[in-house]
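Q: One line per chain: the protein sequences are A and B, in this order.
Numbering (my numbering) for the first sequence: 2 to 112.
Numbering (my numbering) for the second sequence: 699 to 812.
You may find that some hints are simply not true.
Claimed, not checked - Result set (DSS-like, lysine-lysine): computed pairs, CA atoms no more than 30 Å apart in a straight line: (1) Lys-807(B) - Lys-96(A); (2) Lys-759(B) - Lys-811(B); (3) Lys-747(B) - Lys-807(B); (4) Lys-96(A) - Lys-766(B); (5) Lys-811(B) - Lys-747(B); (6) Lys-807(B) - Lys-759(B); (7) Lys-747(B) - Lys-759(B); (8) Lys-766(B) - Lys-747(B); (9) Lys-96(A) - Lys-747(B); (10) Lys-96(A) - Lys-759(B); (11) Lys-807(B) - Lys-766(B).
These aren't lab readings, by the way, just hints derived from the structure by calculation.
Just so you know, these numbers come straight off a predicted model, no measurement behind them.
Single-letter residue listing:
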Amino acid sequence: SQTIHQWPATLVQPVGSPLSLECTVEGTSNPNLYWYRQAAGRGLQLLFYSVGIGQISSEVPQNLSASRPQDRQFILSSKKLLLSDSGFYLCAWGKTHYEQYFGPGTRLTVT
Amino acid sequence: AQSVTQPDIHITVSEGASLELRCNYSYGATPYLFWYVQSPGQGLQLLLKYFSGDTLVQGIKGFEAEFKRSQSSFNLRKPSVHWSDAAEYFCAVGARGSNYQLIWGAGTKLIIKP
């Protein structure tokens with residue numbers, strides 16, 4: 002069966018510091034990968050998606066970036082965090098028929 | 699443009715009562731349809747999905763949903779809710795040819811009264 006991992010689970014970072022969130026998927030190959038953000042009390046905002054290694058599509062212009070160095074690894078980064086980057090970050094994977102399966106999420110607080 | 703509307707931000711029901719959460723979508727053809735549930739501080743779990751065929755689909759945790767093409771709706775139902783059903787529920791639509799992206803509703807928070 003497939004499993005998706007995200008770490009860290011929680012993170013508190015000062016404004017202007019760098020960020021690296023990691024997501025890995027087990028039990029499948031060549032998945033589509035997604036990064037979402039949920040601001041407090043808000044819905045899901047798609048940040049990035051990837052259909053293959055090195056292929057990243059950005060949905061929202063911002064100071065975040067994503068990379069996919071391996072087939073089942075998806076990384077969300079920032080060089081300098083803003084207060085507005087606080088939120089709950091979710092990684093998901095999918096293959097057919099658009100269904101997506103989510104990781105447990107990372108709670109990021111920028112102070 | 700495609701869109702998904704969940705008209706109820708919050709719904710409160712008594713434990714043991716029936717539940718219906720509404721979802722309407724805007725799309726020119728039959729989309730792929732999904733309901734997800736999110737407990738506080740956790741990721742989203744897929745409850746059920748509709749691709750084609752029988753318009754009444756069964757999901758996990760006793761939930762079901764009915765696709766009504768004429769109303770562009772995919773409402774989620776449960777005959778008797780339990781306190782553990784308190785969570786946020788998201789409806790999503792996969793529009794064919796959209797690079798595998800889902801269009802999300804804003805979510806409905808379900809509150810259970812004891």
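Q: For every hint, state whether the structure bears it out.
A: Right, here's what the structure says about each hint:
1. Lys-807(B) - Lys-96(A): Satisfied, since the Cα-Cα distance of roughly 28 Å is no more than 30 Å.
2. Lys-759(B) - Lys-811(B): Judged against 30 Å, a Cα distance of about 19 Å means the pair holds.
3. Lys-747(B) - Lys-807(B): Status holds; Cα separation ~20 Å.
4. Lys-96(A) - Lys-766(B): This hinted pair holds, its Cα atoms lying about 26 Å apart.
5. Lys-811(B) - Lys-747(B): Distance ~28 Å between Lys-811(B) and Lys-747(B) Cα, so the pair holds.
6. Lys-807(B) - Lys-759(B): 17 Å, holds
7. Lys-747(B) - Lys-759(B): Between Lys-747(B) and Lys-759(B) the Cα gap is close to 14 Å, so the pair holds against 30 Å.
8. Lys-766(B) - Lys-747(B): It holds: about 14 Å lies between the C-alpha atoms, which stays within 30 Å.
9. Lys-96(A) - Lys-747(B): Since the Cα atoms of Lys-96(A) and Lys-747(B) sit roughly 14 Å apart, the hinted pair holds (cutoff 30 Å).
10. Lys-96(A) - Lys-759(B): 24 Å, holds
11. Lys-807(B) - Lys-766(B): Distance of about 23 Å is within 30 Å: holds.
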